[in-house]
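Take the given structure of chain A and dock chains B, C and D to it, following the hints.
4 protein chains.
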Amino acid sequence: MDRFFPEVSLPIAFEGPGSDNPLAFKWYDAKRVVAGRTMAEHLKFAVSYWHTFQGTGADPFGGGVYQRPWKTAADPVQQARDTMDAAFEFMAKLGAPYWCFHDRDIAPEGASVADSARILDGIVKQAKQLQKATGVKLLWGTANLFSHARYCHGAATNPDPAVFAQGCAQVRHALDATVELGGTGYVFWGGREGYSTLLNTDMKREQAQFARLLHMAWDYGQRIGFKGRFFIEPKPKEPSTHQYDVDAATVLGFLREHGCWDFVDLNIENNHATLAGHTFAHDLMVASQAGKLGSLDINRGNPQLGWDTDQFPTNVDDAVWAMHIILDQGGLPHGGLNFDAKVRRGSYDAVDLFHAHIGGMDAFARGLIIADKMRQDGFRAKHLAERYAGWKQGFGAEVLAGRVTLEQAEAEAARAGEPRRISGREEFLENRWNQYLYDRGLH
Amino acid sequence: MDRFFPEVSLPIAFEGPGSDNPLAFKWYDAKRVVAGRTMAEHLKFAVSYWHTFQGTGADPFGGGVYQRPWKTAADPVQQARDTMDAAFEFMAKLGAPYWCFHDRDIAPEGASVADSARILDGIVKQAKQLQKATGVKLLWGTANLFSHARYCHGAATNPDPAVFAQGCAQVRHALDATVELGGTGYVFWGGREGYSTLLNTDMKREQAQFARLLHMAWDYGQRIGFKGRFFIEPKPKEPSTHQYDVDAATVLGFLREHGCWDFVDLNIENNHATLAGHTFAHDLMVASQAGKLGSLDINRGNPQLGWDTDQFPTNVDDAVWAMHIILDQGGLPHGGLNFDAKVRRGSYDAVDLFHAHIGGMDAFARGLIIADKMRQDGFRAKHLAERYAGWKQGFGAEVLAGRVTLEQAEAEAARAGEPRRISGREEFLENRWNQYLYDRGLH
Amino acid sequence: MDRFFPEVSLPIAFEGPGSDNPLAFKWYDAKRVVAGRTMAEHLKFAVSYWHTFQGTGADPFGGGVYQRPWKTAADPVQQARDTMDAAFEFMAKLGAPYWCFHDRDIAPEGASVADSARILDGIVKQAKQLQKATGVKLLWGTANLFSHARYCHGAATNPDPAVFAQGCAQVRHALDATVELGGTGYVFWGGREGYSTLLNTDMKREQAQFARLLHMAWDYGQRIGFKGRFFIEPKPKEPSTHQYDVDAATVLGFLREHGCWDFVDLNIENNHATLAGHTFAHDLMVASQAGKLGSLDINRGNPQLGWDTDQFPTNVDDAVWAMHIILDQGGLPHGGLNFDAKVRRGSYDAVDLFHAHIGGMDAFARGLIIADKMRQDGFRAKHLAERYAGWKQGFGAEVLAGRVTLEQAEAEAARAGEPRRISGREEFLENRWNQYLYDRGLH
Amino acid sequence: MDRFFPEVSLPIAFEGPGSDNPLAFKWYDAKRVVAGRTMAEHLKFAVSYWHTFQGTGADPFGGGVYQRPWKTAADPVQQARDTMDAAFEFMAKLGAPYWCFHDRDIAPEGASVADSARILDGIVKQAKQLQKATGVKLLWGTANLFSHARYCHGAATNPDPAVFAQGCAQVRHALDATVELGGTGYVFWGGREGYSTLLNTDMKREQAQFARLLHMAWDYGQRIGFKGRFFIEPKPKEPSTHQYDVDAATVLGFLREHGCWDFVDLNIENNHATLAGHTFAHDLMVASQAGKLGSLDINRGNPQLGWDTDQFPTNVDDAVWAMHIILDQGGLPHGGLNFDAKVRRGSYDAVDLFHAHIGGMDAFARGLIIADKMRQDGFRAKHLAERYAGWKQGFGAEVLAGRVTLEQAEAEAARAGEPRRISGREEFLENRWNQYLYDRGLH
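Just so you know, the protein sequences line up as chains A, B, C and D, in that order. Here the working numbering is used: position 5 in the first sequence is 5, and no number is missing along the way. Here the working numbering is used: position 382 in the second sequence is 825, and no number is missing along the way. Here the working numbering is used: position 407 in the third sequence is 1293, and no number is missing along the way. Here the working numbering is used: position 29 in the fourth sequence is 1358, and no number is missing along the way.
Here chain A stands alone, though its shape is the one from the complex (with noise of 0.2 Å):
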């Protein structure tokens, strides 16, 4: 087990705030218990098989920097095979409960439809083996339709059907395969699933197109036994100009128009969030609020930059905002936490890899602890509760119960008079956050 990643022998141990040790969590204890339940149960941290193992450091200016002892052999399976092993001694060393991948992460494609699914099926197998060897779980699979040049014009939206035969022969594979490892949820990512000039793009039809996509996957996925859940990832641009599922709402939206709102949650990314013009949490409401809200992907992106950057989460507000969604909705069923993160591209030592998942896993573990003491206090929730207490009796309940005209909104307006100015408080709210993050939270 020390054949990849000898510079780290044991698994990672916790050692509290006062370490130094770079190779140690600082908050994140597996074991200890907050608001009923362990952090392994709140925090079901998932790595990402395709950043973490496949990822290069290539950029659109340069190429791979990375010299990962797993990509050694000539063979694309037995490079497959090894990077493989090397993700599950990572991830054993890390003590990551969960996994996530795609489809062409995990095996290369091979020369033909039926060629590509047996390979798939040898590497699954081996996964399987070293997911009982191991304990780590899979979160959920997908299939990454976005990489080959085929799905450069779209896979489910592309306007050749051969293009979307491919696409389902993939998808078909890889519901196999996450049925077969056990994840309890399937991304759909649809990069290339948009357009980059409406000169020649028929944006309706593409849409429905990729509306059948997902009622063949589920009726398939209904067939092979598949518990979980199907969830939609997010994300406005990159690689294509303009993306369909550009965030939580338009894809609520799409669900709705297709049928597809009994079997398709959500999986929010917080870089994805931002580059919508959202912040995470604003996206992780609503999704929530929906009843939505079914996965994450906690990364982070860069406010001066205009593209997905998948930084690690380092930024503990984002973290408090995530676990306080999460408590209030009572948790993710079928989902997690999955990363989607990278390792700056400097960054190439394996160490590396090491530093930058337990900083992630730190952040939220603050972020957990924190959102809990929040909600213990009842700080947001008190504050919501006296904010809308208006709503909740009289003329407000009678509104939202549909029995007031205009007519008698105006006469309430008439005899209530003009409204108090109520201050929203928003800067001592700021400053409560501030100490349940700087002074209270984690002390």
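No wet-lab data here; the hints were simulated from the structure. Glycine included, each C-beta is placed from N, C-alpha and C at the ideal position. Incorrect hints may appear among the rest.
Listed below are several chain C residues computed to face chain A (Cβ distance under 10 Å; list not exhaustive) [to be verified]:
id, residue
1, Arg1231
2, Gly1232
3, Ser1233
4, His1241
5, Gly1245
6, Asp1248
7, Ala1249
8, Asn1320
Below, chains B, C and D alone, put in the same frame as chain A:
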């Protein structure tokens, strides 16, 4: 009729593209027939009362700069009457066929709900006479539920039902005014319907409140004989940090969720679309393909600036897209082309107002002529038909009809083999687009 | 002394991080010694007269919302006097050591240049007495050359020299006031010094005009005994579409070009830096490394919004960076920490003003303590020393000394062979950063 | 000569605006005389070797998609030779007068510094012959100091002098190649010259390193007889989070600080200017007014996307501004119009490359003709002369001559009284601009 705009004594005339006269139309020729209808029928331009007659040039860093002769009366109601006279003098001289207003643009708020209604009624009578005298018609009306201090935390979405009631009172009388003046649309723009921080905000509750207002207003409208449509105008932010009506897709989802689909269409604004991260054409297309494009605000933003600059539309590209989409959907039966644009702050003179509107009208006249030429030639339509031909028969048609399983699609993929790489021809299409714009669309 | 703020009867006290009192400091303890000096010496907080006492809550979509008791007098000069009394009552109760003003904040414009000067002089006398009575000092003064209509097309950069002359008159008296009140800085912020369209603008000429004003003002300042420094405050846009003083680097280039290097430093604002596409830390570092960081505006922007939101600084990350850089350069001899921040529009009450300033002061007190801890440990300094060690000897040092030719450098490359890939350790450093922020900096 | 582009057998011909042939110029007529010189003399178009011949269509979410016949050889050097042949076949058929290259575009890196130099020399010989055979000339050369893994943390600005040395080796031979091929420019674009986090970066030191490279390279260039100019190409971000050469103004400041003013001009790129928050025209004007506009990259960005999209320039507005500024400064003696543009990823075919370049050349031909017409009419020049007339005499002239004190200026303000409000006439100017673009510039 030369009381307020003596600089322009006669109606603005069409003089053609060769004219050097800045106070003449170069392309907008009301009687010219394009695509079977006159320009006047296609281009239902509406002057925005708030910007053109009530704009002061104030911005966040400076006060008003315009010295308008219609704003000199000390009595607010007399000032409102003078402004209405000025407005119709301007619109008659410009030859603008329509106008749009907020209640508080045309009439100052009174000391009470009843007083405000009384003042508004008086001004509406004056407006009705002026409409008759000049032939200028009302496109749509709306209530200003964002400028008054009471709406700071929202109108329909306010935590205090007393503020909701105030909003209802305004909407009632704004609807009355719209019906009285023959408007075919009524707009809801929710500048304050949103939030600043989730620490003090319950989004779900607030959106339910807003849906109630829509239902109450529509019911009232039906009772008073309103024959037009409601329009929601999306905008992502400003003045509220997060507005609920982010963009076309978000509003369409909201309409589906809250049972408002049948009576609310969309009023799409260029600058709001770009602030939401889209192009104008994108949001127009989203609305139109849902059968929901009711009306347009045809201003223009500045891609370097992150707020609503509301510039006059001189960008012919956008005008071509807008008119192309409008022609495709067969026009705007209840809506039109409202400018919602203001002269730059340093354009102090009344003559600048004429220049601005003339430039905008000419830009959309250019857009109409060019779009018509494109459509006559089948540019875009032919390309789309060819590009998506595969979905109209065989496997593609079967998929769309819901008669193909995932396994069958995989079998098709295996049978057909790797799809051909078919260029999207984006550069070719852009070159043709430029030929229409610069070389052949107008000449 | 309880005339305007009866809500707060005693000076805000330090109660420590455990306090639940929203009207107490949690971390700002003026007498606490950090890094060899008291917090009061390090943290020269200045209250911004314009936002805190003259802010109305108006925004582009709505009018003023605050009902301030000091704004009730009908006579503008009396109102100005009441406002000055209110300001010093507030500052004394808050315990803010400094204030900042624009001429037009503290005194209304008169009917003529001479009249304006006369009114200003009277108010300055009052301010001087209040300074003496309370111990609150002036950090810097400035002239408002952007709000009046005459400055719409620029003040120093106006196409009309008559407007330039008006600006000179204001600058003269604002300098007089600054000297009279003992200010150690004088700020130039050029909100209107820029352009809207190049169609009517000669940038080069306009910038030469601005340089003339700087020279004229400095010469005058020397004649009247001004012992402080001039500060230019960069901002990229708003209100002018393009402001000339885009960011720190742009202004440094301008100072070099126009011979102003020796007498102008920079006043760097957080929100302006982010609007320019930088981080606050970046622009602080650019200025500091040039020896030109004179003063700071310590507000905060909103990454989702494209304009100057001027929020109070509750982001401790930014405060740590700012204090780290200030400690590194040995303090701010002529400048300090001006808030330039305003409460959110819906924070109507005087108590919100206290909350806002307390939160900002506590955030920077946290920042100071954390930055000091980092510096004591050599975090960053040690890492930098090690990372750049190669440049301090041998080939690297020879290069920097200008003693290596391109051919010799090639020979060195050939000799040394392919460089090792050395990780930048960004994730490690970010984790440590978080440890300082959450775990050990404050505790 | 039909080895790689059999689709196009003859040189692209000028057929005029009426032509429907997508493989013909509509406006670019090399021999047409405009403003006293031929179009070929004005429009020194350069094909970018990297995008057009080495572009693969890879993006951050997918691999290469193009199947280029010149990329089939297994031996990298043979592939390089084939690519060079293909390049000159393309350029000859297109009729492009110039080309640009990075060292690593035209020749693969070898096993050592010496080996790389040897390979490059061989390819340069081939290029020289092809230049002679076709008449295509080199506009500028450059070294790719950003793609190789070693430059991840910077080339000249790397913390490791060994990397600096590698960069020197490349620059030396790229300069040799530029001189050998008769290039009149040599470009420095510092994609990796910047930083990701200040936690590990010393900006001041790194910028000093970069300045050393410039001096070393210039000294070397002088020794080998380089008669052209150095150009720095600004860009604010991507791939580095913060690049040091942010925009034109930043680079001008750097040149002044580091003694490089006399030998470095600027190469301004449209997409880089917009990423920096400016317009193309703004950064062109900043450079030109400093006498420093040396060359242009005439691509185009997408205002909705936050990264370098490098689209072909079909936006005629930008082309008119660019040509107006170039005509005003009397041309580009050492530089030209490099496309630095790539076809959209889904434009798979060789014919798309032709369409793209033809469209860009026609757009700039349109721009030249329109700008010339504007200049003949004195549009802009006359308006500017009138607008700033006040500064050319009397008080204004005295101020600019440095002969007015602040007190004297105040006296002038008092004497002259409140300035008149003079409209900037922005809408009038924009309407005229549109008349030139659509109505009279081309016809």
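The hints, checked one at a time:
1. Given hint, C/Arg1231 at the interface with chain A, holds; its Cβ is 9 Å from that chain's nearest Cβ, closer than 10 Å.
2. Among the interface hints, the one on C/Gly1232 holds; its C-beta lies about 4 Å from the nearest C-beta in chain A, closer than the 10 Å criterion.
3. At its closest, the beta carbon of C/Ser1233 sits 5 Å from a beta carbon of chain A; the interface hint therefore holds under the 10 Å criterion.
4. With a least beta-carbon distance of about 4 Å to chain A, the hint placing C/His1241 at the interface is held under the 10 Å criterion.
5. Interface hint at C/Gly1245: satisfied, since its Cβ lies 4 Å from the closest Cβ of chain A, which is below the 10 Å cut-off.
6. Residue-level restraint check for C/Asp1248 holds (minimum Cβ-Cβ distance to chain A is 7 Å; threshold 10 Å).
7. Hint on C/Ala1249 holds. Least Cβ distance to chain A is approximately 7 Å, under the 10 Å limit.
8. Given hint, C/Asn1320 at the interface with chain A, holds; its Cβ is 5 Å from that chain's nearest Cβ, closer than 10 Å.
Taken one by one, the earlier hints all hold for this structure without exception.
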